[in-house]
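A.B. asks: Read top to bottom, the protein sequences are chains A and B.
For the record, in the first sequence the residue sitting at position 17 is 17 according to our numbering, with numbers rising by one throughout.
For the record, in the second sequence the residue sitting at position 84 is 407 according to our numbering, with numbers rising by one throughout.
Treat the hints loosely; a few may be bogus.
[Unchecked claim] FRET-style restraints, in silico, Cβ to Cβ:
1. Y204(A) with D633(B): 41 to 51 Å
2. D564(B) with Y293(A): 48 to 58 Å
3. G415(B) with R267(A): 55 to 65 Å
4. D633(B) with D150(A): 34 to 44 Å
5. N403(B) with R146(A): 53 to 63 Å
6. L322(A) with E455(B): 42 to 52 Å
7. H588(B) with R267(A): 18 to 28 Å
8. E309(A) with T363(B): 47 to 57 Å
9. P105(A) with T351(B): 49 to 59 Å
10. L322(A) with G415(B): 16 to 26 Å
11. R146(A) with T351(B): 55 to 65 Å
12. P105(A) with H588(B): 51 to 61 Å
[Claimed, not checked] Simulated crosslink set (DSS-like; lysine-lysine; CA at most 30 Å straight-line):
13. K459(B) with K174(A)
14. K596(B) with K31(A)
15. K31(A) with K138(A)
16. K31(A) with K174(A)
17. K459(B) with K138(A)
No lab work stands behind these hints: they were computed from the structure.
Heads up, the beta-carbon is just placed ideally off N, CA and C, and yes, glycines get one too.
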Amino acid sequence: MTLLDVRGLTTAFMTGRGEVNAIEDVSFSLKEGEILGIVGESGSGKSVTALTIMDLLPKPPARIAAGDVHFNGQRLTGLNDRAMQAIRGPGISMIFQEPMTSLNPVFSIGDQIMETIAAHERLSKSDLRKRAIDMLDKVGIPSASRRLDDYPHQMSGGQRQRVMIAMALACNPKLLIADEPTTALDVTIQAQILDLLMDLRDEYGMAIMIITHNMGVIAETADRVLVMYAGRVIEEAPVATIFDHPMHPYTRGLLECVPSLTEDRPRLVAIPGTLPEPARRPPGCRFSPRCTYAVASCSAAIPPLEALETAHTAACFRARELA
Amino acid sequence: MTTPLIAATALSKHFEVGARGMFGLGRTATLKAVDDVSFTINAGETLGLVGESGCGKSTLGRLLLRLIEPTAGSIAFDGNEITRIGRMEMRGFRRSMQIIFQDPYGALNPRMSVEDIIAEPLVIHGARPGAETRAKVTEMLGKVGLPARAMDRFPHEFSGGQRQRIGIARALILHPRLIVCDEAVSALDVSVQAQIVNLLQDLQREMGLTYLFIAHDLSVVRHISDRVAVMYLGKVVEVADKATIYAAPRHPYTQALIAAVPAQHPAQRSRGKRERITGDIPSALNPPSGCRFHTRCPHVMPVCRERAPDLRETATGHQVACHLTDS
């Protein structure tokens, strides 16, 4: 069953150079229990997409210029603050890249987890405490009842991310949005956190939207993948398809420019040029100035996201011919 | 045997950390950021240095250039002992040793033009700004793939990748022999990272450079390095040529580190298939006794808690510090 449905979502920001669309015409959906990976580089709009869904962007300068978000059959776009607050937590929860800045340094982690639960459920103090200990246990914090009174600075980066996950899961959300959840962590800790997210999905059946710039994180976790570039979705497919038959030249480039852990390659296949800033995006296909396959028509119009095979879409005029 | 370009012997850097508190109470502790580390880098080669946060890899890079002074041990540059020489004498060697930093935003002075940034090392080493330095800056800009007109612009006008090119041009203008690349590509987007990696390799070939390539990304390190050293809590635990260390790592920490790298294809997902090390990296202020990895090691033995293993050669060019390989 479709849990989240995003249609034509366009979020604009007021800047010194006028209004700029951070994301444009973003559409996708997410089923119950599914893990959707959203991959992209700086300025691709992956975080803005998540923050728009959660209604966490300051308005102004942000504004939803077009499109709709439906969650569990309910329209979220246009919901007032109070109604949206009821969705955040039990409906959709979010974890961020930097667990240190997302936790309040002057409250114990127990207080912060209990505060989250208390905002949505009426429970006695002792029940709240029990639930918080239970949550810390679930996310693999050893001797949870003792750690409950610790402050964020007393924990390592990996443990803080576990605490963030505990807070996010405290109200049993149907969807967890994880925005670069392991980017600030060391690789051995990253592996532990990704394992934990997968375990939690299997156990509780929640859907996860995992946002990352790392194709490895996508390979490890996602069922389906959305590739974003300069504010637009440029390809979408099941995870194996993205890795085996990428259709968009950008997706191919993204896969090729990562060095191998097992093979020697004389030279990396780099994508020339740099990512365009939101206010200075090129006309037509935004990837065209960096694309080896670009032809004149590529800079004339924005290629639409077209279904090329079942469950596989790409936004490239030459996708069929190059496939 | 030829003299290595860099030979570090029993190098240590200990920091006194003031846990003195607000009223001068409490006591100081010693943080052994780098502890008794020995290694060599041959001319023209790239030694990759990997390890997780706090393992001491950046401190080690700065020690080599004497940007910080070692607590003990010595460094020889091309056969010359440089740890105990004076400032002026060190200056002569500094021309030959440069560093490229991680953050292309923080490493460039925003008020200086690109020309002044790149020419600064020349000026420090006695050149007078003028047509000659300008010509050298133009040449370096060309080498790093930037147009000559970039010279009159300022850092904020450039993207992260372009700024890193400016940092590389500055490091190379004195034609050094050794470059310490301290997480030089870590902050860049992957599509841009590949460009900079290629550029570093081209420049190495062209200018005969030797690199100490410090990074936490194991696949980038494999790609660019000839040999790789792995650090854990201030100690080098394994050194080998890259093919060996990635295909047949001997130290349990190296094994765990490589096993933790995310799969490059969904068919190779690691969950449930690869052994994971549990727990966090212990604090460098209070490192475990004996082998520092023993608290997380799946093969821990009683001796590991008591005695630190020495870094020993187990095969030609392959050094491991582990009691398992000692017997």
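A.B. asks: Need the list of violated hint numbers for this structure, in ascending order.
C.D. replies: Going through the list in order, the structure violates hints 2, 3, 9, 10, 11, 12, 13, 17 and respects the others.
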